[in-house]
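Here my numbering is used: the first residue of the sequence shown is 17, the next is one more, and so on.
In silico PhoX-like cross-links for lysine-lysine, where the CA-CA straight-line distance does not exceed 25 Å:
(1) Lys164 with Lys217
(2) Lys164 with Lys393
(3) Lys59 with Lys116
Just so you know, these hints were derived from the structure itself, not from any lab.
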Amino acid sequence: MKPGIIAVLLVLIPGATATDFLPMTPVGAECVPVSVSVTGRDKALVDDAEAQLIDDIDFSGLLETAEEGYAHVEASVYSDDRGILLRAGVTCAGEMLMVKEYSGSSIYPLVHALADDLVYQITGEQGIASTRIAYIVRDSGTYHLAVKSLDPRPPFYILSDDDVITTPAWSPDGDRIAFTAFRSDNGDLYLYSLSDGTASKILSRGGLNTSPAWSPDGGSIALTLSENGNSDIYLLDVDSGDLQRLTARNSIETSASFSPTGNQIVFTSDRLGYPQLYVMDSGGGGADRATFSHGYCDSPSWSPSGDRIAYTAMVGSDFHIFVMNADGSDIRQVTFEGTLNEDPVWSPTGRHLAFSSDRDGARAIYILELNRLTVRKLTEGVESYCATWSPLRERD
Numbered sequence: 017m018k019p020g021i022i023a024v025l026l027v028l029i030p031g032a033t034a035t036d037f038l039p040m041t042p043v044g045a046e047c048v049p050v051s052v053s054v055t056g057r058d059k060a061l062v063d064d065a066e067a068q069l070i071d072d073i074d075f076s077g078l079l080e081t082a083e084e085g086y087a088h089v090e091a092s093v094y095s096d097d098r099g100i101l102l103r104a105g106v107t108c109a110g111e112m113l114m115v116k117e118y119s120g121s122s123i124y125p126l127v128h129a130l131a132d133d134l135v136y137q138i139t140g141e142q143g144i145a146s147t148r149i150a151y152i153v154r155d156s157g158t159y160h161l162a163v164k165s166l167d168p169r170p171p172f173y174i175l176s177d178d179d180v181i182t183t184p185a186w187s188p189d190g191d192r193i194a195f196t197a198f199r200s201d202n203g204d205l206y207l208y209s210l211s212d213g214t215a216s217k218i219l220s221r222g223g224l225n226t227s228p229a230w231s232p233d234g235g236s237i238a239l240t241l242s243e244n245g246n247s248d249i250y251l252l253d254v255d256s257g258d259l260q261r262l263t264a265r266n267s268i269e270t271s272a273s274f275s276p277t278g279n280q281i282v283f284t285s286d287r288l289g290y291p292q293l294y295v296m297d298s299g300g301g302g303a304d305r306a307t308f309s310h311g312y313c314d315s316p317s318w319s320p321s322g323d324r325i326a327y328t329a330m331v332g333s334d335f336h337i338f339v340m341n342a343d344g345s346d347i348r349q350v351t352f353e354g355t356l357n358e359d360p361v362w363s364p365t366g367r368h369l370a371f372s373s374d375r376d377g378a379r380a381i382y383i384l385e386l387n388r389l390t391v392r393k394l395t396e397g398v399e400s401y402c403a404t405w406s407p408l409r410e411r412d
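Hey, can you work out the whole structure from these sequences and the hints?
Next up, the structure:
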């Protein structure tokens with residue numbers, strides 16, 4: 017239940033304390049050591065390229081930089097009036113693994129593409145360096161829908177409004193972001209197209225039309241509607257606009273997240289008098305309770321591999337991020353700093369989690385790499401929350 021969106025009076029059962037839960041443990045994958053060399057005439061450009069490549073490699077969760085690596089990247093970077101050219105050769109165990117050129121107007125996308133190709137060529141898995149994160153910024157009474165790459169470049173505000181913008185969700189095709197906006201004194205559902213640069217209202221039932229979650233095939237959106245005086249989960253066919261009601265109880269049902277198969281949905285319900293997580297078939301019907309260890313659970317996010325669910329839970333008077341197996345077992349606490357850690361979202365590879373936290377004061381977006389439990393702060397200077405992660409870039 018997103019703070020400030022759905023207000024409910026709760027009588028909480030006694031909350032657990034921080035010592036009741038095991039901390040998150042590293043995934044424990046063995047990282048492949050990679051040595052890096054970047055040359056070129058423009059020292060500032062070379063320094064930026066080298067620093068970003070090292071950052072991408074070390075935060076991949078699969079590779080690590082080393083003076084003597086199993087693989088070696090030899091890169092050179094050039095710039096002229098036509099743009100920037102990045103040439104890279106990768107050797108592995110003494111054999112040439114890859115030779116490739118990248119060109120563009122900014123060094124960062126070129127380095128991200130190289131890093132992702134490097135991860136794929138060495139491990140066979142996808143990298144996340146080229147992905148982006150969208151989130152909400154609240155600054156001096158103005159709300160922005162921001163998009164940020166995983167590098168030092170500032171975020172791009174694709175939408176700004178004096179009225180509330182909230183709960184963005186990135187589509188599986190990478191082109192659309194669903195979100196809720198209160199422009200008409202009603203919480204309406206919009207779609208923003210990144211390719212067209214336009215936002216269109218797609219649902220405006222009375223009350224809230226909020227907390228969208230895309231089905232894996234991109235054909236449907238599960239969301240919360242409150243037009244009947246109670247918050248329930250519905251399924252919206254994106255093309256036809258048809259609505260199917262999935263829950264029909266007197267309790268508040270919200271914060272849906274699809275399993276990677278699209279066959280199940282995990283969501284929040286206060287049907288017991290306090291919010292817990294439940295799992296139901298994506299066609300609706302009965303639901304099984306998934307959490308039993310907290311007095312307050314919310315904002316579930318199903319991992320891309322389907323084996324884990326991340327969520328927010330109350331610990332004492334604070335809110336922290338937890339991860340559990342999809343069957344509710346092996347609960348692990350992810351965050352311990354700050355008082356308000358919310359809205360976890362998985363990277364498209366399942367090797368990272370993004371979330372908002374007030375650990376440094378104002379809420380900001382942080383990213384956790386799960387192999388070494390390294391946390392990085394993505395946003396600076398303004399209140400940022402409600403992260404959503406883009407899908408992987410299409411491979412050449």
